[in-house]
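Asks: Here is what each chain is made of, one letter per residue.
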Amino acid sequence: MKARAFAYARPSSLAEAHAAFDGADGDASYISGGQSLVPALAMRLQAPQVLIDLSAIPEMRGIQLEGESLRIGGLTRHAETLTEPLIRAHAPLLAAAAPFVAHPAIRNRGTVGGSVALADPASEFPAMMLAMGAEMEISGASGLRRVPADDYFQDLYQTAMVPGEILVALHVPAAGPRHVWAFDEMARRRGDYAMVGGGVLAERDGAVIANPRIALFSVGPTPVRARNAEAEIAGKALDADAIAAAQRALDADIDPLDDAEIPAAMRRHLARVLLGRLLRKLETC
Amino acid sequence: MAGAVPLTLTVNGVETARMVAPRTTLADFLRTDLELTATHVGCEMGACGACLVLLDGVPVHSCLVFAVQAQGQRVETVEGLVASGALAPLQQAFHERNALQCGFCTPGMLVNAHALITKGTVPDREEIRDAISGNYCRCTGYEAIVDAIEAAARKLNGEGAE
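The listed protein sequences derive, respectively, from chains A and B.
Everything in the first sequence is counted per our numbering, starting at -11 for the first residue and increasing by one.
Everything in the second sequence is counted per our numbering, starting at 938 for the first residue and increasing by one.
Possibly wrong hints are sitting among the right ones.
Stated by the list, open to error - Simulated coverage check for chain B against chain A, where a stretch passes if three residues somewhere in it have a Cβ under 8 Å from a Cβ of chain A:
no., segment
1, 948 to 954
2, 994 to 1007
Said to hold, decoys possible - Taking beta-carbon pairs under 10 Å as the criterion, some of the chain B residues facing chain A (in silico):
no., residue
3, 942
4, 1048
5, 1049
For the record, the hints were derived by calculation from the structure and aren't laboratory data.
Glycine is no exception: its CB is placed at the ideal position from the N, C-alpha and C atoms.
Next comes chain A alone, as it looks inside the complex:
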């Protein structure tokens, strides 16, 4: 399987990238790490006239603490999220999820921005953007705009971005000493897509949990905030009763489809089990 022939551009600014996209009348694909796109090209699920390589755009590089939030350039590689001290300190949920993303060689090449732009509902990082309450910095025809994660994921592979827009960076509210978090997933083999996975970020004051954000993936066409489950633990201590109530409430949060390998009822069950594990882990963080 080989990709259809295409022209290649490596713009050195966002303006040049947009110009390249417009110059191809929109028959173009942006490539970042390419770990999902290149197989799609090889299988000819996509066959653009022009491939626009985003790797030389300076605004998409680097990780900086900007006041209360961490700016993670879209080109940041998955492997960097495992080792980068600023991410470990201020976006610990991302670092906790990273070892579950594919395999080491894929993590060396894949990028955080690429993963979130693709918005695969079975991927770890898009869901963690929801759990962390991140904002997406998007470049388009009218310049830069920001979209909160809660409004960003719209449908299967469909986000608030329109064709031609570029996910430049992710802005993650910096976690502090009051924050607790947990990540886990269930997959049949290491590195495979999870049957169900999720992350939790919350603040803890003594025993009491505040502002919990629970995000699950592989449970529907988009990553999902478990708002009903969140409501069951907000303002409470995480005892067995609160966890059980959150697990019961989770049923109303997710609507997984039946598929050939995993019936919807099984995913619901696994999601409840996973949520229990996450909340117990959170408690002892």
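With the hints as your guide, set chain B onto chain A.
Replies: Leaving out everything else, chain B in the frame of chain A:
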């Protein structure tokens, strides 16, 4: 070659310039244009790990990188790593432990194992399994491969073979 563009990169320490069609993967470029056929192509979708090379020092799937994306970068293949002697401890250990049968997966295994054991510590078996979790081997059942990588790591990092 229609639509070919100039490409300059360093392959196994040698500055290399070629015209290349943008749709050519790095794996095909290495095998076909440079006749470096130690890099194997299996699945062409990043699942099997046979095509791993070092790109700027880290293992990547050469089937998931277009050659043009490697402009100005440094590629090392099994040929280069063998010539420099970098793979010698692993080759020896794979030979002694019989950690290959058909050999198709072996180049990818060696590249990944090399990156792992040159981090300066001796990985435990769980870390070895994690490191090669993206490398399929349909012959050995993996035990011998994990054994060989562990033995090479001990030898390289001065802890003596078991």
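Asks: Does each hint fit the structure? Answer for all of them.
Replies: Tested hints:
1. For the segment 948 to 954 of chain B, the assignment as covered by chain A is violated, since 0 residues bring a beta-carbon within under 8 Å of that chain's beta-carbons and 3 are needed.
2. Remark: the segment 994 to 1007 of chain B is confirmed as covered by chain A, as 10 of its residues place a Cβ nearer than 8 Å to a Cβ of that chain, reaching the required three.
3. Taking 10 Å as the C-beta cut-off, the interface hint given for residue 942 (chain B) holds, the closest approach to chain A being about 6 Å.
4. Taking 10 Å as the C-beta cut-off, the interface hint given for residue 1048 (chain B) holds, the closest approach to chain A being about 9 Å.
5. Hint status for residue 1049 (chain B) relative to chain A: holds, with the closest Cβ pair at about 7 Å, below 10 Å.
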